[in-house]
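Student: One-letter residues, chain by chain:
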Amino acid sequence: MVKTISTMTPLLRMNEIVKSFPGTLAVNKANFVCNKGEIHALIGENGAGKSTLMKLLAGIYMPDRGEIFIKGEEKIFRNYSEAKKAGIGIIYQELSLFPELSIAENVYMGIWLKKKRLINWDEISNRSKIILNKIGINIDPDELVSSLPMALRQMVEIAKVLTQNPEIIVFDEPTAPLSRKEVVKLFKILKDLKQKGKGIIFISHRLKEVLEISDVITIMKDGKEVITENASYFDEDKIISYMVGRKFTEIFPEKAKIIKEEEEIFSFQGILKKYQKKIVFSVSRGEILGVGGLQGQGQIDVLNSIFGLGGCKDAKIKIFDKEIKVKSIFQAIKAGISLIPENRNEESIFLILSILENIAAPTIDKRQTLGLIQKQVENKIIKGVVGKLSIRMTSVDQIAQSLSGGNLQKLAIGKWLISEPKVIIMIEPTKGVDVATKQQIYRFIREFTENGIAVIIYTSDMLELIGECDRVLIMNYGFLTANLKKNEITEENIMKASVSDINLLETEMK
Amino acid sequence: MKEKQRNLQLYIPVYSIAISIYIFAGIIKPIFFTWNNNVNLFTRVTPLIFAGMAQTFVILTGGIDLSIGSIIGLTSVLAVSLPFIDKPLNIVMWIFIPPLVGLSMGLINGLIISKGRFPPLIVTLATGAIFQGIALFIMPTPGGKVSLSIARIVTGTMLKIPNPLIIFLVFSYIFHLILRRTEFGRSIYAIGGNEAIAHESGILCSKIKIWAYGVSGLLGAFAGMFISIWIVSADPLIGEPYIMNSIAVAILSGTALSGGKGGVTGIIGGAYIYLLINNILNLLGISTFYQFIVKGLILILALTISSSGIIFNIRSILRRLFFLKTKSIEKMGE
Numbered sequence: 001m002v003k004t005i006s007t008m009t010p011l012l013r014m015n016e017i018v019k020s021f022p023g024t025l026a027v028n029k030a031n032f033v034c035n036k037g038e039i040h041a042l043i044g045e046n047g048a049g050k051s052t053l054m055k056l057l058a059g060i061y062m063p064d065r066g067e068i069f070i071k072g073e074e075k076i077f078r079n080y081s082e083a084k085k086a087g088i089g090i091i092y093q094e095l096s097l098f099p100e101l102s103i104a105e106n107v108y109m110g111i112w113l114k115k116k117r118l119i120n121w122d123e124i125s126n127r128s129k130i131i132l133n134k135i136g137i138n139i140d141p142d143e144l145v146s147s148l149p150m151a152l153r154q155m156v157e158i159a160k161v162l163t164q165n166p167e168i169i170v171f172d173e174p175t176a177p178l179s180r181k182e183v184v185k186l187f188k189i190l191k192d193l194k195q196k197g198k199g200i201i202f203i204s205h206r207l208k209e210v211l212e213i214s215d216v217i218t219i220m221k222d223g224k225e226v227i228t229e230n231a232s233y234f235d236e237d238k239i240i241s242y243m244v245g246r247k248f249t250e251i252f253p254e255k256a257k258i259i260k261e262e263e264e265i266f267s268f269q270g271i272l273k274k275y276q277k278k279i280v281f282s283v284s285r286g287e288i289l290g291v292g293g294l295q296g297q298g299q300i301d302v303l304n305s306i307f308g309l310g311g312c313k314d315a316k317i318k319i320f321d322k323e324i325k326v327k328s329i330f331q332a333i334k335a336g337i338s339l340i341p342e343n344r345n346e347e348s349i350f351l352i353l354s355i356l357e358n359i360a361a362p363t364i365d366k367r368q369t370l371g372l373i374q375k376q377v378e379n380k381i382i383k384g385v386v387g388k389l390s391i392r393m394t395s396v397d398q399i400a401q402s403l404s405g406g407n408l409q410k411l412a413i414g415k416w417l418i419s420e421p422k423v424i425i426m427i428e429p430t431k432g433v434d435v436a437t438k439q440q441i442y443r444f445i446r447e448f449t450e451n452g453i454a455v456i457i458y459t460s461d462m463l464e465l466i467g468e469c470d471r472v473l474i475m476n477y478g479f480l481t482a483n484l485k486k487n488e489i490t491e492e493n494i495m496k497a498s499v500s501d502i503n504l505l506e507t508e509m510k
Numbered sequence: 511m512k513e514k515q516r517n518l519q520l521y522i523p524v525y526s527i528a529i530s531i532y533i534f535a536g537i538i539k540p541i542f543f544t545w546n547n548n549v550n551l552f553t554r555v556t557p558l559i560f561a562g563m564a565q566t567f568v569i570l571t572g573g574i575d576l577s578i579g580s581i582i583g584l585t586s587v588l589a590v591s592l593p594f595i596d597k598p599l600n601i602v603m604w605i606f607i608p609p610l611v612g613l614s615m616g617l618i619n620g621l622i623i624s625k626g627r628f629p630p631l632i633v634t635l636a637t638g639a640i641f642q643g644i645a646l647f648i649m650p651t652p653g654g655k656v657s658l659s660i661a662r663i664v665t666g667t668m669l670k671i672p673n674p675l676i677i678f679l680v681f682s683y684i685f686h687l688i689l690r691r692t693e694f695g696r697s698i699y700a701i702g703g704n705e706a707i708a709h710e711s712g713i714l715c716s717k718i719k720i721w722a723y724g725v726s727g728l729l730g731a732f733a734g735m736f737i738s739i740w741i742v743s744a745d746p747l748i749g750e751p752y753i754m755n756s757i758a759v760a761i762l763s764g765t766a767l768s769g770g771k772g773g774v775t776g777i778i779g780g781a782y783i784y785l786l787i788n789n790i791l792n793l794l795g796i797s798t799f800y801q802f803i804v805k806g807l808i809l810i811l812a813l814t815i816s817s818s819g820i821i822f823n824i825r826s827i828l829r830r831l832f833f834l835k836t837k838s839i840e841k842m843g844e
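From first to last, the protein sequence lines stand for chains A and B.
Start counting the first sequence at 1; every next residue gets the next number (this note's numbering).
Start counting the second sequence at 511; every next residue gets the next number (this note's numbering).
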């Protein structure tokens, strides 16, 4: 598989790397080779294991098995500092800058240059200016980072990494927040670094850009590399065909038989704050609406704003043809909207409370007389819910903490069952959950829609979109790029809509 | 915006408010402008400045020190319990023992907080109670004496310049320098800004934090020593008001309670604002009860300003006055 014809020892070789997390095998015997003076693109869908592989390289995680060779020498990194010393620099999407400090101080963070034991600010300022000039930007290094636009902050981050003079530089989706003009600038920097003999690993979802800049492309799928080839071998369709095509296991219930398209039980209209794009969609009776696309394209913002958490402005929400104002979570719950967040341990479950208390929490005001909770009524109702969800437990008084991930997720769903919601929004409903529980959860979701509840699922799992949803919306850069129905819901279509070219979109939509 | 400009935006309002309050006080009571009154103010503001700086160091790391009052109480008690006859050895002991004790109390705070990963609020509340217990054990009732020659040096004048003025100017400059120009100082800002990134940048976070609390204890000791000289005796409970005073002064002088932003450059202004408001209330003959209410309100007001930016309007006016040209960096430099 490893094809790069080279007589030299490669700069970086990752050999049969394995890394598992509870419930998932994130990286499964992956191989990766990067040579000197090469821009090596690493691509794959969400959860294909690219980011995990790079975190293993940076020492943020330790591999379960496998070896990492730098210039032919085996290395084990226990933390990022050790990786840095070995010549690895990473530019993350979430930047690691101090906004309240100056650019110069950020660039030289941790390596203060001194004169007579006091920090020499002039020297730091001058040297950062030189580094910043080298990558082609001309800003005053004494400016505060907080006063810079996003794109320039990223340049500062690059400058910061360059001070350590790394051999291997990883760019984790650097182009996501950049405009086309800025991307061109970034690519110039990349080419410059390449000429200096650095090895550059470039993670991106924007296939046009990948084809434009990279020399070699490695495509990952399910934690393993599928192919490593020279970029000239690929075109966009070829890449997509390698990225998709996973095995499809039958764990999903049957799709909706009757969808009354004319009967819209939920509709949303609003302007996405982050991208200033108008979003309009609706859910018909009996259908499960899936929302997909690459991570962080505005999907969560839209769903949050339905639940009163902001993200969109001028939001207009209609439930059963009744317009509803949602400015806070309280109003949302009152209107019959419920949201099951992704991060259940932090956002939806009280880990130190019992199962009973967890399920009772959102509807506690419904079972009161004279301000006292009717314990017997509560017990009865909650036992019903628990039975329906088949949560594995000793009693309803068991503490939530001791439940497994799958059961916790059922608990998170069960919480909202007794409130009789009209709209249920689920974010990553089966993340970190075993297959059997997944199957059950999918069945519950189907039942909801059969009972006339509007269900909206956001998931980064492509199989879930295809198997569970009746209609799929894809978001990309704040645009709704696809509205796929029935047979149109295929991996190819989803992938195409997810990675579609932004510039094209900008012109088309205008 | 540059760091210097930001700092000016922070400190110009602080000092201009302090000066306006001073002028206001002088208009109410012209005696305020007399030299004697000013000398008196220099003496009274010094412990506030020390306590404020002590709190600033800790707040900059993102923590808080509620034991500062007890550290002041204990060190002032220690300062007057030492032999007070003017002998060289006694004076050396006086100069070194309280600061060392203050430093070690601060280091204990820092150790518990950073090694145990406990919240600073509770740790310093607890250690504060312990330190106060020790102070009360050493000296159950107010009393004691200090060496007269030390008292004369510290609160006296030199070439007609009052020594407290020199003391607080020199010390606030030294600690400004520590925060601005040493690795230790800059690490404090990094930790307060984002501890995870600071750690990734190779900063030894727990060590720096321990020493930040240590420096805070040391500064608390200076405040305690100064108070004992000023009142020529000590009271184990004298530090108590300084818990709130120090936090108020730190916030008034422009340090963000969230950490990573601020410093001691505005400390003299902040301390003066706080002291002068108290003085005015005294001059107007307002009862102590109301004074407490006013102090509490000032703290809340200062917090609102520092966190929500109500001051923004004043700032933008000042910016227009002082920085007429605003450089546009929205576009990438070509």
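Treat the hints as calculated values from the structure; they're not laboratory data.
Every residue, glycine too, gets a C-beta built ideally from N, C-alpha and C.
Among the clues, some could well be false.
[Stated by the list, open to error] In silico lysine-lysine, BS3-like type, Cα no more than 27 angstroms apart, as pairs: (1) A:K115 with B:K514; (2) A:K255 with A:K318; (3) A:K273 with A:K322; (4) A:K116 with B:K717; (5) A:K85 with B:K717; (6) B:K625 with A:K134; (7) A:K114 with B:K597; (8) B:K514 with A:K114; (9) A:K129 with B:K625; (10) A:K116 with B:K512; (11) A:K185 with A:K260; (12) A:K115 with B:K625; (13) A:K115 with B:K512; (14) B:K717 with B:K625; (15) B:K717 with A:K129; (16) B:K625 with A:K185.
[To be verified] Each pair of labels, with its calculated beta carbon distance range: (17) A:F350 with B:G712: 48 to 56 angstroms; (18) B:L621 with A:N133: 42 to 50 angstroms; (19) A:I60 with B:F534: 52 to 60 angstroms; (20) A:I111 with B:I671: 50 to 58 angstroms; (21) B:I803 with A:L370: 51 to 59 angstroms; (22) B:I741 with A:I60: 20 to 28 angstroms; (23) A:L370 with B:S614: 37 to 45 angstroms; (24) B:F534 with A:N79: 24 to 32 angstroms; (25) B:G712 with A:F21: 35 to 43 angstroms.
Student: All hints, please: hold or fail.
Tutor: Okay, the hints, checked on the actual structure:
For the proposed pair K115 of chain A and K514 of chain B, the alpha carbon gap of about 21 angstroms is at most 27 angstroms, so the pair holds. Restraint check for K255 of chain A and K318 of chain A: the C-alpha separation of about 25 angstroms stays at or below 27 angstroms, so the hint holds. Proposed proximity of K273 of chain A and K322 of chain A is supported: the alpha carbons are some 24 angstroms apart, at most 27 angstroms. This hinted pair checks out: K116 of chain A and K717 of chain B have alpha carbons roughly 23 angstroms apart, not beyond 27 angstroms.
Simply put, K85 of chain A and K717 of chain B have alpha-carbon atoms about 22 angstroms apart, close enough for the 27 angstroms limit, and the pair holds. Restraint check for K625 of chain B and K134 of chain A: the C-alpha separation of about 42 angstroms exceeds 27 angstroms, so the hint is violated. Straight-line distance between C-alpha atoms of K114 of chain A and K597 of chain B comes to about 42 angstroms, which puts the hinted pair past the 27 angstroms bound. Under the criterion of a C-alpha separation no larger than 27 angstroms, the hint pairing K514 of chain B with K114 of chain A is consistent with the structure, at around 20 angstroms.
For the given pair, K129 of chain A sits about 39 angstroms from K625 of chain B by alpha-carbon distance, which is inconsistent with the 27 angstroms threshold. Between K116 of chain A and K512 of chain B the alpha-carbon distance is near 25 angstroms, which keeps this suggested pair within the 27 angstroms criterion. The straight-line distance between the Cα atoms of K185 of chain A and K260 of chain A is roughly 50 angstroms, outside the 27 angstroms bound, and the hint therefore fails. For the given pair, K115 of chain A sits about 32 angstroms from K625 of chain B by alpha-carbon distance, which is inconsistent with the 27 angstroms threshold.
The hinted pair formed by K115 of chain A and K512 of chain B meets the criterion: a straight-line CA distance of about 23 angstroms does not exceed 27 angstroms. The hinted pair formed by K717 of chain B and K625 of chain B meets the criterion: a straight-line CA distance of about 9 angstroms does not exceed 27 angstroms. In summary, the hint linking K717 of chain B to K129 of chain A is not supported, as the alpha carbons are separated by about 31 angstroms, beyond the 27 angstroms threshold. For the given pair, K625 of chain B sits about 45 angstroms from K185 of chain A by alpha-carbon distance, which is inconsistent with the 27 angstroms threshold.
A hinted range of 48 to 56 angstroms for the beta carbons of F350 of chain A and G712 of chain B is inconsistent with their spacing of about 38 angstroms. Against the hinted window of 42 to 50 angstroms, the Cβ-Cβ separation of L621 of chain B and N133 of chain A comes to about 45 angstroms, which satisfies the hint. With their beta carbons about 57 angstroms apart, I60 of chain A and F534 of chain B fall inside the hinted range of 52 to 60 angstroms. The hinted window of 50 to 58 angstroms between I111 of chain A and I671 of chain B is violated, with their beta carbons roughly 42 angstroms apart.
Hint check: I803 of chain B to L370 of chain A, Cβ distance near 39 angstroms, so the stated range 51 to 59 angstroms is violated. For I741 of chain B paired with I60 of chain A, a C-beta distance near 56 angstroms fails the hint of 20 to 28 angstroms. The hinted window of 37 to 45 angstroms between L370 of chain A and S614 of chain B is violated, with their beta carbons roughly 58 angstroms apart. Range check, F534 of chain B to N79 of chain A: Cβ separation about 56 angstroms, and the 24 to 32 angstroms hint is violated.
Taking the beta carbon of each, G712 of chain B and F21 of chain A are about 28 angstroms apart, not inside 35 to 43 angstroms as hinted.
Hint compliance for this structure: hints 6, 7, 9, 11, 12, 15, 16, 17, 20, 21, 22, 23, 24 and 25 are broken, all remaining hints hold.
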